[in-house]
Amino acid sequence: MAANHAVVSLEEVHKTYHTGEVEVRAVRGVSLGIARGEFVAIMGSSGSGKSTLMNLLGCLDRPTSGRYLLDGEDVSGLDRDQLADIRNQKLGFVFQSFNLLPRTSALENIELPLLYGRQRLTSAELEEKARKVLATVGLAGREDHHPSQLSGGQQQRVAIARALINDPEVILADEPTGNLDSRTSAEIMGIFQQLNDRGITIVMVTHEADIATCAKRNILMRDGTVQSDEPVAHRFLAQSNQT
Amino acid sequence: MRFESSFKIAGRALRRNKMRSVLTALGIIIGVGAVIAMVSIGNGAKAQVEQQIASLGENVILIFSGSVTSSGIRTGWGSAGTLKIEDADAIRREVPGVTAVSDEVVSTSQVSAGNQNWFTRIYGESPEYFDIRQWPLSDGAIFTPQDVRSANKVCVIGRTTATQVFGSESPVGQVLRIKGVPFLVTGVLTPKGLSPQGTDQDDIVIMPYTSAMKRVIGGTTLRGINVQVSSPNDLAPAQQQITELLRQRHNIRPGRDDDFTVRNQEEIAEAATSTSRVMTLLLGAIASVSLVVGGIGIMNIMLVSVTERTREIGVRLAVGAHGRDILTQFLIEAVTLSSIGGIIGIVVGLTASQLLSALAHWPTLISISSIVVAFLFSAAVGIFFGFYPAREAARLDPIEALRYE
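Chains as they are written, first to last, in the working numbering: chain F, 1 to 243; chain R, 1 to 405.
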């Protein structure tokens, strides 16, 4: 795999936790490259190290050893604030439980990453950007709705819009369909596929095999190592109700 | 660079929990309001006392016969008749800087005119007394030095006595009987109100001290001597010289106690205002307690808020907030709450103080400094009590925070 063209590149990455006396080697030497425009699903049973790997990829955590190049930049030695800036500029997060701010409108939720960004935007510019992104996930007209007024699928779309607002290099989705029924799951996967078609790199953790088939490449984790890494043979193209 | 964003974020967070924000701010509102109202009451009382002290006259030295402790026996001021008319004359003659001296004898007596009678205080004084006490007449004239020399049966009366004895009639030119002796009323004093001790200063009859000694009270000694000096700088030296002069005249050997007491007006004022200063301090301190309690309320709510919003903090950290951003956000929330509470509290305090003076007729005095201090203190309370919760929030680990249920 050509590491130079890779947007994500892990080299012999280890992550060891110390909980009291016990040493947990969650990730044991993973080397991985993800090229721009890929759609990767990471699978594995609980305890396989896939969540830890996701945290490492998301710059929420630092590897104990090994190198992590994100968009050509070594991020394995950065401090807390530098990692926060990387997350802000280069990554977009989609969570299983949506993690929208309660009692806050869809627009304000989407604006959130912009508030911590490098650019200083006026309120009008913030709103303008947020409106555009909300429209790309098909929720134009729901700008002022609060999360409690939106269905699960709609909430996840708002979360996706939030992940997109800073034009990230990679979108990291942690069980994005875990809290959704199968029909809504398909809708969300449809959105992901569309974004991927536009060239956005997506890395997704899931334990559902059928969701994984929506991606282009599947990585199976087991005991902290990559057990298999292969392209999806029969890709499921989720129907899309995008406008 | 992110400061304005932090304001925006904090503002949104506070608006999201309107009721809670209002209730939290209420603690500060009450605290600041109480401080301002209490301090204004204390200051008002102090100002009133100062005004009463000023009514004694300017640059006044009071000499009382008898000492507070005389030969180990504590007696009241003016009790032992040790001062003589000659002492007053000597002071008039020999102490530099003295502009006026009034010999004083005091008694109480029944007075009557027509079918009205009244029990009042009788003061025997010199004509200078009215200058010393800056006490002009509202009607008529004061008695003259000639009246003093001849011990004439004339007197000047206070407003209260005039009303009680003569009703609405003008007393000037009328006869007032004191212990059966008829006195001609030559003038009526302007009202002076209550003394620092709370007695009605207008319930009085003032006559030449010679007349009082000869015709009403009897005896040859003075209760006291009122002395006025030309400037405040003369107070201390004059006081010193009066003491030396009187000791010499009374043949008091060194090491023995004075048989008289000399007090200047500043000492009297000091004693009277120190009480109200302590009261102001005490009221302020009690009110400050409620401000501190309000601050603890803020801390409590902020801690609850940090716990409750752990996930929110996790999301913010995940999308790129620095620990410092979270810290500023929560600090700004706390300070906004306390400052808004402070501003409303100032309004409440001012209103309360106005109401107290209007409805309860308490003297209140609002000082700008107490407003400024109360406001700054409320903001400081926000920073102080907001810092700990804010730091807790800023230190959260994003992974843990996102996983928090």
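Keep in mind that a hint or two might mislead.
Distance windows between CB atoms, simulated [claimed, not checked]:
hint : chain 1 : residue 1 : chain 2 : residue 2 : range
1    : R       : R403      : F       : S45       : 12 to 20 Å
2    : F       : H145      : R       : V347      : 32 to 40 Å
3    : R       : V278      : F       : D79       : 25 to 33 Å
4    : F       : G199      : R       : V347      : 56 to 64 Å
5    : R       : D397      : F       : G29       : 31 to 39 Å
Computed footprint of chain R on chain F, listed as stretches where at least three residues anywhere in the stretch have a Cβ under 8 Å from a Cβ of chain R [what the hints assert, rightly or not]:
hint : stretch
6    : 58 to 67
7    : 110 to 119
8    : 147 to 158
These aren't lab readings, by the way, just hints derived from the structure by calculation. Yeah, the Cβ is synthetic: ideal placement off N, Cα and C, and Gly gets one too.
Now the hints, each set against the structure:
Checking the proposed 12 to 20 Å range against R403/R and S45/F shows it holds: the Cβ atoms sit about 18 Å from each other. Taking the beta carbon of each, H145/F and V347/R are about 37 Å apart, inside 32 to 40 Å as hinted. Distance hint check: the CB atoms of V278/R and D79/F are about 55 Å apart, inconsistent with the given range 25 to 33 Å. At about 58 Å, the beta-carbon gap between G199/F and V347/R stays in the expected band of 56 to 64 Å.
Judged by the Cβ atoms, the range 31 to 39 Å given for D397/R and G29/F is violated: they are separated by roughly 24 Å. Residue count for the stretch 58 to 67 of chain F with a Cβ under 8 Å from a Cβ of chain R: 3. That meets the three needed, and the coverage hint holds. Coverage of the stretch 110 to 119 of chain F by chain R holds [criterion: at least 3 residues with CB-CB distance below 8 Å; count 5]. Counting residues of the stretch 147 to 158 of chain F whose beta carbon lies closer than 8 Å to any beta carbon of chain R gives 0, which falls short of the minimum of three for the stated coverage.
Comparing the model with each earlier hint shows violations of hints 3, 5 and 8; every other hint is respected.
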